[in-house]
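Visitor: The sequence shown begins at 3 in our numbering and counts up by one.
These aren't lab readings, by the way, just hints derived from the structure by calculation.
Please note: incorrect hints may appear among the correct ones.
Said to hold, decoys possible - Calculated cross-link-like contacts (lysine-lysine; reagent style BS3-like; alpha-carbon spacing at most 27 Å):
#1 Lys-460 <-> Lys-294
#2 Lys-150 <-> Lys-200
#3 Lys-454 <-> Lys-466
#4 Lys-348 <-> Lys-361
#5 Lys-294 <-> Lys-304
#6 Lys-240 <-> Lys-304
#7 Lys-153 <-> Lys-181
#8 Lys-452 <-> Lys-412
#9 Lys-321 <-> Lys-365
#10 Lys-188 <-> Lys-150
#11 Lys-467 <-> Lys-482
#12 Lys-294 <-> Lys-348
#13 Lys-294 <-> Lys-312
#14 Lys-241 <-> Lys-252
#15 Lys-482 <-> Lys-243
#16 Lys-181 <-> Lys-200
#17 Lys-155 <-> Lys-188
#18 Lys-348 <-> Lys-243
#19 Lys-466 <-> Lys-252
#20 Lys-326 <-> Lys-348
#21 Lys-175 <-> Lys-188
#22 Lys-252 <-> Lys-200
#23 Lys-175 <-> Lys-161
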Amino acid sequence: MSSYILPCNTPKHSNVYVEAMAAATAAKEAASTATMAAAAARAAADVAIAAAAALEEETATTSLTIETSTTSAIETATVTMWGIQEETTIPSEIIDMTIPEEQIIDMTIPEEQEGEAQVVPTCPVRKKNRMSNETRRLLAQMMLLGYKNSKLKHGLLTKLGQEFNLSRMTIHKYWLTVKQQITEGKLVAVDRDYKGSKKRVIIDLETVRSIPLFKRSSVRSLACAMNINSSTVHRLIKKGKIRAHSNAMKPQLTEGNKIARVQWVLDRIRNLSSGQNLEFEENYNVVHIDEKWFYMSRVSQKFYLLPNEKEPHRSCTSKTHMTKIMFMGASARPRISNGVVNFDGKIGIFPFSCIVPAKKTSKNRRNGTLETRPIARITKALIFQPPNSPDLNILDLGHFRSIQTIQHEKAPRSVVQVVDAVLRSYEEMNPISLNYTLLTLLSCMNEILKVKGSNRYKIPHIGKKRLDRLGLLPTTILPKVGDALQAVIDVTRAQVAQLESQMS
């Protein structure tokens with residue numbers, strides 16, 4: 003018995019499926035006819051092979067099996083199509099279903115190619131061959147030379163197309179344009195109609211340096227000074243060609259202030275006399291005391307709202323006379339070991355307010371009612387740091403800002419609520435941020451030595467949170483030996499100059 007199995011991955015709803023069914027039916031009918039049995043079976047096999055090669059993503063699997071038996075003079079052919087078997091008798095002398103090995107097609111799909119997306123070849127996009135003005139000028143000259151008796155010379159357009167590598171249709175369209183201009187008595191215009199897209203505007207950013215700073219305070223004023231659109235300035239800012247800078251007013255320092263700042267920093271460097279193993283003190287035994295005004299609300303406040311949410315309305319009697327209370331805070335460096343806070347560094351924060359009885363009756367309260375009122379004037383001097391140096395105190399450097407941020411989130415509406423909000427904000431503040439602020443103070447002290455006591459420097463960023471996560475956060479910062487020694491020399495020279503001026 004010989005068996006021929008032709009796998010055919012074809013869905014039952016496709017046209018190929020219908021064709022395969024028709025081919026199988028034809029094979030069945032041909033098998034009953036002695037003279038056409040072999041040819042019909044071979045044709046059915048070819049159609050099934052073509053159907054299997056055409057589709058690779060089908061799910062249904064169908065097999066066409068033709069089995070023959072040579073036990074007698076009359077052979078029996080069994081045709082199996084999708085689970086249905088029928089037998090047909092065929093004379094043995096006329097049927098020969100032997101397929102040579104070289105004609106057998108291997109239709110097995112490799113495992114590594116199963117499931118892969120079929121790559122569909124794409125047609126290359128033809129680029130338009132646009133004629134330049136020089137090419138159009140040469141074509142017009144040659145056409146005019148071959149234009150006689152209101153006709154072009156025979157074969158001129160084809161010859162020009164071959165010479166300039168252009169199609170005859172392109173040459174013919176251009177000739178119609180030239181001919182129309184000649185008919186109207188105009189000069190032949192060789193400029194092409196296609197001008198291309200608008201070129202990018204080239205801006206010389208060095209002109210920004212020559213623009214005064216007061217004309218660079220907003221995007222609109224800068225765009226007006228540069229004679230460009232505001233949107234262009236926005237794109238330059240987005241690309242990083244122009245950067246925005248918020249400038250804060252700083253205290254003005256005299257030469258005496260600068261000397262005092264440098265001397266104050268030098269007094270907190272260990273081993274300065276030997277000049278070896280220099281390091282700043284850890285400030286574990288130092289208490290920082292400072293005072294600050296806390297306002298009931300900010301004049302300008304940013305909120306994030308939904309698109310259909312109503313904007314909040316805030317109002318006050320006078321923006322220049324906002325209710326405010328002064329607080330005095332005392333903080334030290336927290337003690338943290340292995341992530342455990344042994345001492346949070348919060349000593350206390352105290353409001354400068356008093357409780358007094360109301361003198362007159364009003365619509366809000368009767369006379370004699372106790373009220374909390376801020377102290378209008380503070381005369382106590384508690385300054386031990388150099389004058390005009392808020393960057394040498396951890397409270398001014400960032401501690402008060404953290405407290406004020408938390409306080410404004412509570413939205414107080416009265417003096418009592420302001421006091422309560424500040425006290426609660428002080429308790430809620432994370433002591434780890436206080437430790438970060440003290441390291442920032444040490445970094446600022448290092449920068450003060452570099453700029454010789456001035457306050458014109460950028461607060462350095464050392465990535466304290468990242469170092470803390472890695473367990474590499476230092477307890478102190480090492481100053482540069484050269485900067486420290488140069489600062490000692492500058493302070494000594496300044497002191498000698500002051501003594502000489504006093505003696506003279």
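Visitor: Each of the hints needs a verdict: does it hold here or not?
Guide: Hint check:
Straight-line distance between C-alpha atoms of Lys-460 and Lys-294 comes to about 23 Å, which keeps the hinted pair within the 27 Å bound. The straight-line distance between the Cα atoms of Lys-150 and Lys-200 is roughly 41 Å, outside the 27 Å bound, and the hint therefore fails. For a cut-off of 27 Å, the pair hint linking Lys-454 to Lys-466 stands: about 26 Å separates their Cα positions. Pair hint Lys-348 plus Lys-361 does not hold up; C-alpha atoms about 37 Å apart against a cutoff of 27 Å.
Under the criterion of a C-alpha separation no larger than 27 Å, the hint pairing Lys-294 with Lys-304 is consistent with the structure, at around 23 Å. With a C-alpha separation of about 22 Å, the suggested pairing of Lys-240 with Lys-304 holds against the 27 Å cut-off. Restraint check for Lys-153 and Lys-181: the C-alpha separation of about 10 Å stays at or below 27 Å, so the hint holds. In summary, the hint linking Lys-452 to Lys-412 is not supported, as the alpha carbons are separated by about 41 Å, beyond the 27 Å threshold.
For the proposed pair Lys-321 and Lys-365, the alpha carbon gap of about 24 Å is at most 27 Å, so the pair holds. A distance of roughly 18 Å separates the Cα atoms of Lys-188 and Lys-150; the hinted pair therefore holds under the 27 Å criterion. A threshold of 27 Å between alpha carbons decides the hint, and for Lys-467 with Lys-482 the separation of about 24 Å falls inside it, so the pair holds. Taking the CA atoms of Lys-294 and Lys-348, the gap is near 16 Å; set against the 27 Å cutoff, the hint holds.
As the CA atoms of Lys-294 and Lys-312 are separated by approximately 34 Å, the hinted pair breaks the 27 Å bound. Using a Cα cut-off of 27 Å, the hinted pair Lys-241 and Lys-252 is violated, with the two alpha carbons roughly 30 Å apart. The straight-line distance between the Cα atoms of Lys-482 and Lys-243 is roughly 34 Å, outside the 27 Å bound, and the hint therefore fails. Restraint check: the Cα-Cα separation between Lys-181 and Lys-200 comes to about 31 Å, which exceeds 27 Å; the hinted pair is violated.
A hinted pair counts as satisfied when its Cα atoms are at most 27 Å apart, and Lys-155 with Lys-188 qualifies at roughly 22 Å. Proximity of Lys-348 to Lys-243 is assessed by CA-CA distance (about 45 Å); at most 27 Å being required, the pair is judged violated. Among the hinted pairs, Lys-466 with Lys-252 is consistent with the structure: their alpha-carbon atoms are about 25 Å apart, no more than 27 Å. Note on Lys-326 and Lys-348: the hinted pairing holds, with a Cα-Cα distance of about 23 Å set against a maximum of 27 Å.
The suggested pairing of Lys-175 with Lys-188 holds, with an alpha-carbon distance near 18 Å, which does not exceed 27 Å. For the given pair, Lys-252 sits about 47 Å from Lys-200 by alpha-carbon distance, which is inconsistent with the 27 Å threshold. A hinted pair counts as satisfied when its Cα atoms are at most 27 Å apart, and Lys-175 with Lys-161 qualifies at roughly 15 Å.
In summary, the structure is inconsistent with hints 2, 4, 8, 13, 14, 15, 16, 18, 22 from the numbered list given earlier, while agreeing with the others.
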